[in-house]
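Each chain, letter by letter, is given below.
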Amino acid sequence: AQSVTQLDSQVPVFEEAPVELRCNYSSSVSVYLFWYVQYPNQGLQLLLKYLSGSTLVKGINGFEAEFNKSQTSFHLRKPSVHISDTAEYFCAVSEGASNFGNEKLTFGTGTRLTIIP
Amino acid sequence: DTEVTQTPKHLVMGMTNKKSLKCEQHMGHRAMYWYKQKAKKPPELMFVYSYEKLSINESVPSRFSPECPNSSLLNLHLHALQPEDSALYLCASSYGPPPREQFFGPGTRLTVL
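If you read the protein sequences in the order shown, they are chains A and B. Under the working numbering, the first residue of the first sequence is numbered 1, with each subsequent residue one higher. Under the working numbering, the first residue of the second sequence is numbered 1, with each subsequent residue one higher.
Same shape as in the complex, but just chain B (with noise of 0.2 angstroms):
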């Protein structure tokens, strides 16, 4: 099994609503990302989990909550949002020596209302 997968594929919520994001990979990737990207734009990160831990935070809002319940789940929980962070949600793992390849997912377009 050599890919990433996202669920849902798209998403519509409200801006009080609370929904979550979901990537499973299962090539025993040690390192998993999410990624914000906006039309017309190159990827943006957001947070990084290595073992199980968060390890990076871009200077995320608090509204993106990210979760790591095992080494081949990553959730995205979202509350209170605003139709900018309307995007298409990208996860990515990596794993081996220097340098590693990110597997991308293929993401959850997601529309605030």
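Same shape as in the complex, but just chain A (with noise of 0.2 angstroms):
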């Protein structure tokens, strides 16, 4: 069975510095792994996601993600956020193999990440 693992529930972080979100995941197959970004009182948006190919995959606002099968991690990564970047941020799996696209994500616990002014 698939499971993500957010260690940091909260992450504060001063404007124009770089910030690193942490996810590690446990599968026994091979995975599809996605960053989701939620803002307050809204739905959930796609950052970026790995499905195979290079290790590093850039996304949306900036953001970018490197898979490493050794240390089972996608860890999440902005050079200089700002404070628009305020918002939950989601990693989750897919071991995706059927053909009718409703595999199952599972999500990881959510990062609450804060930019300070």
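Simulated from the structure, these hints should not be mistaken for lab results. Hints are supplied without guarantee of correctness; some may be wrong.
[Stated by the list, open to error] Lysine to aspartate or glutamate pairs mimicking EDC-like chemistry, simulated, CA-CA at most 16 angstroms apart:
id, chain 1, residue 1, chain 2, residue 2
1, A, Lys49, A, Asp8
2, A, Lys69, A, Glu95
3, B, Lys19, B, Glu67
4, B, Lys40, B, Glu3
5, B, Lys40, A, Asp8
6, A, Lys58, A, Glu20
7, B, Lys41, A, Glu88
8, A, Lys49, B, Glu101
9, A, Lys104, B, Glu44
10, A, Lys104, B, Glu101
11, B, Lys22, B, Glu3
12, B, Lys22, B, Glu84
13, B, Lys36, B, Glu52
14, A, Lys49, A, Glu64
15, B, Lys36, B, Asp85
16, A, Lys49, A, Glu66
17, B, Lys38, B, Glu84
18, B, Lys38, B, Asp85
19, B, Lys40, B, Glu84
20, A, Lys104, B, Glu58
21, B, Lys40, A, Glu95
22, B, Lys36, B, Glu84
23, B, Lys22, B, Glu52
24, B, Lys41, A, Glu16
25, B, Lys18, B, Glu67
26, B, Lys38, A, Glu88
[Claimed, not checked] Coverage of chain B stretches by chain A, computed from C-beta distances (three or more under 8 angstroms per stretch; other residues unrestricted):
id, segment
27, 39-45
28, 74-84
Every residue, glycine too, gets a C-beta built ideally from N, C-alpha and C.
Work from the hints to combine the two standalone chains into their complex.
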């Protein structure tokens, strides 16, 4: 069974500083990895995803993540954060192997990123 | 059209009421999902519809009844809910060869009195 661990429940960062949000996963098969962002009182928006190929994945809003198979990690990074990045960030894993588009997403518990002016 | 819409945005209901949540997408997606999200928690999967057939039910109480009338529409019928069912209910959809990205709607904020 797949699982996702986000060890940091809250991460405060000064504006324009770099940030890394950690995500580790556990799975017995190949996985697909996702980072979603949720702004207050909104749904989830996909930031980026790892499918295969290059281990460095670039997403929207200047975010990127690196897939590390040996460490089973998929940490999210941004070189310089802005006030608007304040949100909840969820890492998710899918072991999707079906052909029907109904694979399950398993979410981590989330990391609350707070940007300090 | 690349969005998932949900109505209503907010819903307040009593424990004896019957109400429905609606979700719609026009992206040609053939899988649709209902999630429940409590405050400061990740979304929890409730149901998955694939090609308009219920494919996953995560042991959800029968007071929640999903329905997929067509490939673009997903409903969640609510009856005799409990206060602990108050939460944000998110709909999502996905389509395409593996792996598939799920697109989420903005959610319905449900309060059960």
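Against the structure, the hints:
1. Only pairs whose Cα atoms come within 16 angstroms are accepted, and A/Lys49 paired with A/Asp8 is rejected, the gap being roughly 20 angstroms.
2. Between A/Lys69 and A/Glu95 the alpha-carbon distance is near 15 angstroms, which keeps this suggested pair within the 16 angstroms criterion.
3. Between B/Lys19 and B/Glu67 the CA atoms are separated by roughly 13 angstroms; this keeps the pair inside 16 angstroms, and the hint holds.
4. For a cut-off of 16 angstroms, the pair hint linking B/Lys40 to B/Glu3 is broken: about 24 angstroms separates their Cα positions.
5. With a CA separation close to 13 angstroms, the supplied pair B/Lys40 and A/Asp8 stays within the 16 angstroms bound.
6. For the proposed pair A/Lys58 and A/Glu20, the alpha carbon gap of about 14 angstroms is at most 16 angstroms, so the pair holds.
7. Taking the CA atoms of B/Lys41 and A/Glu88, the gap is about 10 angstroms. The hint holds against a cut of 16 angstroms.
8. Between A/Lys49 and B/Glu101, the direct Cα distance comes to roughly 8 angstroms. Compliance with the 16 angstroms bound is thereby established for this hinted pair.
9. A distance of roughly 10 angstroms separates the Cα atoms of A/Lys104 and B/Glu44; the hinted pair therefore holds under the 16 angstroms criterion.
10. Using a Cα cut-off of 16 angstroms, the hinted pair A/Lys104 and B/Glu101 holds, with the two alpha carbons roughly 11 angstroms apart.
11. A C-alpha spacing of about 14 angstroms is found between B/Lys22 and B/Glu3, which places the hinted pair at or below 16 angstroms, so the restraint holds.
12. Simply put, B/Lys22 and B/Glu84 have alpha-carbon atoms about 21 angstroms apart, too far for the 16 angstroms limit, and the pair is violated.
13. Pair hint B/Lys36 plus B/Glu52 does not hold up; C-alpha atoms about 20 angstroms apart against a cutoff of 16 angstroms.
14. Straight-line distance between C-alpha atoms of A/Lys49 and A/Glu64 comes to about 9 angstroms, which keeps the hinted pair within the 16 angstroms bound.
15. Restraint check for B/Lys36 and B/Asp85: satisfied, since their Cα atoms lie roughly 9 angstroms apart, inside the 16 angstroms limit.
16. Proximity of A/Lys49 to A/Glu66 is assessed by CA-CA distance (about 10 angstroms); at most 16 angstroms being required, the pair is judged to hold.
17. Between B/Lys38 and B/Glu84, the direct Cα distance comes to roughly 9 angstroms. Compliance with the 16 angstroms bound is thereby established for this hinted pair.
18. With a C-alpha separation of about 9 angstroms, the suggested pairing of B/Lys38 with B/Asp85 holds against the 16 angstroms cut-off.
19. Our distance criterion of 16 angstroms between C-alpha atoms is met by B/Lys40 and B/Glu84, whose separation comes to about 15 angstroms.
20. Proximity of A/Lys104 to B/Glu58 is assessed by CA-CA distance (about 11 angstroms); at most 16 angstroms being required, the pair is judged to hold.
21. Only pairs whose Cα atoms come within 16 angstroms are accepted, and B/Lys40 paired with A/Glu95 is rejected, the gap being roughly 25 angstroms.
22. The hinted pair formed by B/Lys36 and B/Glu84 meets the criterion: a straight-line CA distance of about 11 angstroms does not exceed 16 angstroms.
23. Distance restraint check for B/Lys22 and B/Glu52: the Cα-Cα separation of roughly 15 angstroms lies within the 16 angstroms cut-off, and the hinted pair is therefore satisfied.
24. Between B/Lys41 and A/Glu16 the alpha-carbon distance is near 28 angstroms, which puts this suggested pair outside the 16 angstroms criterion.
25. With a C-alpha separation of about 15 angstroms, the suggested pair B/Lys18 and B/Glu67 falls inside the 16 angstroms cut-off, and the hint holds.
26. Our distance criterion of 16 angstroms between C-alpha atoms is met by B/Lys38 and A/Glu88, whose separation comes to about 13 angstroms.
27. Here's how the segment 39-45 of chain B fares: 5 of its residues keep a CB closer than 8 angstroms to some CB of chain A, so the rule of at least three is met and the hint holds.
28. Residues of the segment 74-84 of chain B with a Cβ under 8 angstroms from some Cβ of chain A number 0, which does not satisfy the need for three, so the listed coverage is violated.
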